[in-house]
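**Student:** Single-letter residue listing:
Protein chains: 4
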Amino acid sequence: MYTSENTIRVRYAETDRMGYVYYGNYAAYFETGRVEALRALGLSYREMEDKGIMLPVLSYQIKYFKPAFFDDTLIIKTTLKELPTGTRLSFHYEIWNDKGIQINEGQTTHVFVKVDGGRPITVPQEVIDKLAPFFKN
Amino acid sequence: MYTSENTIRVRYAETDRMGYVYYGNYAAYFETGRVEALRALGLSYREMEDKGIMLPVLSYQIKYFKPAFFDDTLIIKTTLKELPTGTRLSFHYEIWNDKGIQINEGQTTHVFVKVDGGRPITVPQEVIDKLAPFFKN
Amino acid sequence: MYTSENTIRVRYAETDRMGYVYYGNYAAYFETGRVEALRALGLSYREMEDKGIMLPVLSYQIKYFKPAFFDDTLIIKTTLKELPTGTRLSFHYEIWNDKGIQINEGQTTHVFVKVDGGRPITVPQEVIDKLAPFFKN
Amino acid sequence: MYTSENTIRVRYAETDRMGYVYYGNYAAYFETGRVEALRALGLSYREMEDKGIMLPVLSYQIKYFKPAFFDDTLIIKTTLKELPTGTRLSFHYEIWNDKGIQINEGQTTHVFVKVDGGRPITVPQEVIDKLAPFFKN
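Residue numbers (the numbering used here), protein chains in the order written: chain A, 32 to 168; chain B, 32 to 168; chain C, 32 to 168; chain D, 32 to 168.
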């Protein structure tokens, strides 16, 4: 298992009329979670795209437990539960506020594809090499 | 079963670096689907909130089939598969482009709560009354 | 002078904690104004980009008069006050709600550039041809 | 003069089809600039709103010099050029990338209003007290 944490501060722009973070905005927060999870491994998602591999989302689920509010500091815990094989990669996420209250949990599944042509490809060896040490028993 | 359709035009603002609609933006498209589904029944979500009842999201799932692009006209099909009972309401969504290609499918589950205090309440009678004719056999 | 109108419905996603449309979201509303202004002339901004010409923004100003709210129907009036010459194009915008109250006014100035290389180019002849009839005296 | 700096990392969500940060998204970046500028003074914008004073935007201008890209680290420099008097407050902003290239410059003007009723009020004494030391000659 590989876990990484990053924090974000809720922007006014991201709140809605209820005073809550709009339910659709957590997708962007989770994006920061997976980008930072990769960066902490020494992998740059931007460089991966520049090299011609992208990682579009196939599915996304989220359960909302508690609202988050303007100016809250949120901790995003991003986890890879399994070493990816084949063409897919799944991230699990939990968001917690700084009072120790869990805001939500979610999951995204992605597929590695070539920017040119959009064909699925197997997980790049570089990704496997960086992740493998976390999945030894 | 109750189904409603509305259309939206993809904004440049909603695309991302891949040229696709960003995966997080479909949540706002689905929001238009449920607001218009209620309006077509004669129910105003704004008025409901002004009367003190809101409908926050408990869970959200989406499967992405094909990308949508800038300036695409998208058809959002919003369905209530069951007459709500208790405190919850689920919407199913499908988004199709104007070439007849399905872009995604999703689901949100909501809970009726009082704006004052945030306590769950049972589905308002007005909602039941408007929906019931669609669920007679 | 050339003027075009389009309407949008305010989404919950676009409101903020004050219950107002977030001040940053009018930029996307104005975008719909200029895209529809071009479409009404028979010009597709998407096709223009697909042919290799894009229109990034050089400057943007907005004055806010009154707030807009969730579910408001807003009318966006987009105006070209002068026939463009050289490499630039300016749009003026006014947003009004359906009670006849003006919400804001704004302006964007754009430059025509080649997608390849990013060099400024003069206004495409097709744009001049479509606009010229509105600027005859 | 009072100046503060904060940094943000560009999210994929914030890019558009050109690969640039969408022109409308800088409004939210500037929002982080003014919230952090106030925080660095010991002022919490959230607390100010909770006490019944809000600071809606009256006008906003921005000039775009260079695009910003996904995953760029951006430095936001937020400046108050004058000690506020009356009911208004203006912030100036510059955004620079981490290669020392200036991305844009902007300005917002706000008015202090009571949440209850929306009447303009003079700049709270607490704000003056925190800012005054930066404006002595």
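It should be emphasised that the hints constitute simulated quantities derived from the structure, not laboratory data. Treat the hints with care, since some could be wrong.
Each pair may be met inside one copy or between any two copies, as identical chains are not told apart.
[What the hints assert, rightly or not] Only pairs whose alpha carbons sit at most 35 Å apart, straight line, appear in this in silico DSBU-like list of lysine-lysine:
(1) LYS145 / LYS130
(2) LYS161 / LYS112
(3) LYS161 / LYS130
**Student:** All the hints need checking, so say for each whether the structure fits it.
**Tutor:** Hints versus structure:
1. LYS145 / LYS130: Answer is between; shortest inter-copy Cα gap is 25 Å, intra-copy 42 Å.
2. LYS161 / LYS112: The answer is within: 14 Å in one copy meets 35 Å, while 45 Å across copies does not.
3. LYS161 / LYS130: Close inside one copy (33 Å) and across copies (28 Å); limit 35 Å.
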